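A.B. asks: The chain contents come next:
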Amino acid sequence: MQTFFQQVINGLSLGSIYALLALGYTMVYGIIKLINFAHGDIYMIGAFWGYYVINQYHVDFGVALVSAMAVSAILGMVIEYLAYRPLRHSPRITALITAIGVSYFLENGMSFLFGANTRNFPQVIGQARYTFFGVTITNIQLLIVAVALVLMVGLQLIVQHTRMGTAMRAVAVDQEAAELVGIDPNHIISFTFGLGSALAGAAGVLIGLYYNSIDPLMGMVPGIKAFVAAVVGGIGSIPGAAIGGFLIGLLETFVQAIGLSAYKDAAVYIVLIIILIVLPAGLLGKNVKEKV
Amino acid sequence: MALLTVTKLSKQFGGLDAVADVDMHVDAGELVALIGPNGAGKTTLFNLLTGVTPATSGKVTLTTASGKVALLGKRPSDIAKLGLARTFQNIRLFSKLSVRDNLQAAMTHRYHENFFAEILRLPAYYKKEALVGGWTDALLREFDLTAVADLDAGNLPYGTQRRVEIARAAATAPRIIFLDEPAAGMNPEETAGLRELIEKLRTDFQLTVVLIEHDMSLVMNLAERIYVLDHGKMIAEGTPAQIQKDPAVIAAYLGGGVHA
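For the record, the sequence lines run as chains A and F.
Numbered continuously in my numbering, the first sequence closes out at residue 384.
Numbered continuously in my numbering, the second sequence closes out at residue 1379.
Check each hint, because a few of them may be wrong.
To be verified - Beta-carbon label-pair distances, calculated as ranges: (1) I365(A) <-> Y1372(F): 56 to 62 Å; (2) T1183(F) <-> I365(A): 53 to 59 Å; (3) L1241(F) <-> Q248(A): 16 to 22 Å; (4) P1359(F) <-> K125(A): 42 to 48 Å; (5) T228(A) <-> A1243(F): 45 to 51 Å; (6) G351(A) <-> A1243(F): 56 to 62 Å; (7) A1311(F) <-> H253(A): 35 to 41 Å; (8) H1231(F) <-> T186(A): 34 to 40 Å.
As the list claims (entries may be wrong) - Result set (SDA-like, lysine to any residue): computed pairs, CA atoms no more than 20 Å apart in a straight line: (9) K1246(F) <-> P178(A); (10) K1187(F) <-> G1148(F); (11) K1200(F) <-> A1189(F); (12) K1247(F) <-> I250(A); (13) K1193(F) <-> P178(A); (14) K1178(F) <-> T1163(F); (15) K1215(F) <-> V251(A).
Stated by the list, open to error - Now the stretches of chain F that chain A is said to cover, found in silico as 3 or more residues with beta-carbon under 8 Å: (16) 1209-1219; (17) 1231-1244; (18) 1280-1291.
Honestly, the hints are just simulated from the structure, not real lab data.
These figures come from a predicted structure and were not determined experimentally.
Built from N, CA and C at the ideal position, the CB exists for glycine as well.
Build the full structure now, drawing on both the sequences and the hints.
C.D. replies: This is the structure in structure tokens:
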């Protein structure tokens, strides 16, 4: 039982990271129906930014987190402006391939400029362990879950209770009708990329702190797993992405705990296949019928 | 005085002239109807005027407080900001948003957006919120939607959805409102309600209305002037009485070769 709860704690910590990433996928998909495969690399840039400011300017965790979110948000908006906006009226597959291109560009660009080696992420917060009934939780894990929850609640408030959020939801339902009531879709799409990328940047700093190591390719696998999380939750659904993220984190941790570490990635992809067959719309997604 | 002037407006889809050399004008405060057989190009004309479809050639000029503005080539959101609002033949509400949010989404260009004031709940936010809330409540009352304000628009009955869509168009604070077959699929009772609503747009909201409609009793009773479109060409223009007697119009509706 102790082992079980221990794995739940570990799974929720990892799941928080996936959930933060999955939110970016699902929001961008909800607005422009694009799977932004470069999203995992924004998470990598967030981690590198945290690494850089902590080492160079000796800032504390809070400053590193907030500045990484700001830098990632700006990067996300720049990528949208340069790479995706010119393709707004092209076939969807064109933008999708471009997203893969942007992903390679960021990964290899970072390797080229700063080297491909793995770095130790500076430990700005001294680790402390708390043990309750034999279950150990570290302060870093608590911090990850807390930051993730605060950001998710914040996101939900922005989407549901601000004017920008209302406009976002309107564009997600019917972009053309939204334009015809005076909403500038470029403005809203840019804002959406900014929000999603800020969450990815936060996740990057948190994972650096958790795993202690970062490298330019660190975004590839978590990026794909977060995408799976978004699909499991129902792509386009914000609460769905959060739930999907936690589920994937828990699944991966449990697969590892029962001694199948080598298959932890495979397990995630098997879930993707099963979900696509059994519940193509995901847990919270609406099954939209194509109009004839 | 002409509020909207359309000169030699054309749209070709491949080899098809969907709209060909159309001239029309709409004066401030007028209620103009646009009729014609199915496939005549009425909705295409609306799409050209509101910027949804780019025109092949021609000119569209809107008279605003700061002079004449050419509309062609502008983005739909900018045209909406200049004061052209519309509804759709097949209702296109933001179905997953509440009625209130539908209206407020249409007001975004009417106030200065300040996201940081909004998340930090600065005084500017409360001021703006009171303003937008006031506009919304007034519209909900005018269109008799107060009772359904917090329901998802997609779950409302058909006639109510039509009303929400017209209210949403009115929420953009337009000068001209284009209604694309608002009475389609309505029963006689709902059509009577719609007629009152259109009257209200003109009297209470001081709007100029351009109406596409197949319900001829509605058109003949409401419109001051009628344009008739057939195969993309404007074949007649005049008062309801003139249009009813126009041989070209009768031929268009009943088929060629009929002599009235």
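A.B. asks: Each hint should be assessed against the structure and marked as holding or not.
C.D. replies: Hints, verified against the model:
At about 58 Å, the CB distance of I365(A) to Y1372(F) agrees with the hint of 56 to 62 Å. Between T1183(F) and I365(A) the C-beta distance comes to about 57 Å, which sits within the given range of 53 to 59 Å. The supplied range of 16 to 22 Å is met by L1241(F) and Q248(A), whose beta-carbon atoms lie about 21 Å from each other. With their beta carbons about 46 Å apart, P1359(F) and K125(A) fall inside the hinted range of 42 to 48 Å.
As the Cβ distance of T228(A) to A1243(F) is approximately 48 Å, the hint placing it in 45 to 51 Å holds. For the pair G351(A) and A1243(F), the beta carbons lie near 58 Å from each other, so the given range of 56 to 62 Å is met. For A1311(F) and H253(A), the Cβ-Cβ distance of about 39 Å falls inside the hinted range of 35 to 41 Å, so the restraint holds. With their beta carbons about 36 Å apart, H1231(F) and T186(A) fall inside the hinted range of 34 to 40 Å.
Our distance criterion of 20 Å between C-alpha atoms is broken by K1246(F) and P178(A), whose separation comes to about 37 Å. The hinted pair formed by K1187(F) and G1148(F) meets the criterion: a straight-line CA distance of about 17 Å does not exceed 20 Å. For a cut-off of 20 Å, the pair hint linking K1200(F) to A1189(F) stands: about 14 Å separates their Cα positions. Restraint check for K1247(F) and I250(A): the C-alpha separation of about 16 Å stays at or below 20 Å, so the hint holds.
With a C-alpha separation of about 17 Å, the suggested pair K1193(F) and P178(A) falls inside the 20 Å cut-off, and the hint holds. At roughly 15 Å between alpha-carbon atoms, K1178(F) and T1163(F) fall within 20 Å of each other, so this suggested pair holds. Pair hint K1215(F) plus V251(A) holds up; C-alpha atoms about 13 Å apart against a cutoff of 20 Å. With 6 residues carrying a beta carbon less than 8 Å from a beta carbon of chain A, the stretch 1209-1219 of chain F meets the three-residue requirement, and the given coverage holds.
Note: the stretch 1231-1244 of chain F has 4 residues with beta-carbon separation from chain A under 8 Å; the three-residue rule is met and the coverage holds. Coverage of the stretch 1280-1291 of chain F by chain A holds. Counting CB-CB distances below 8 Å, 4 residues qualify, and the rule asks for three or more.
Checked against the numbered hints listed earlier, the structure breaks hint 9 alone; every other hint is satisfied.
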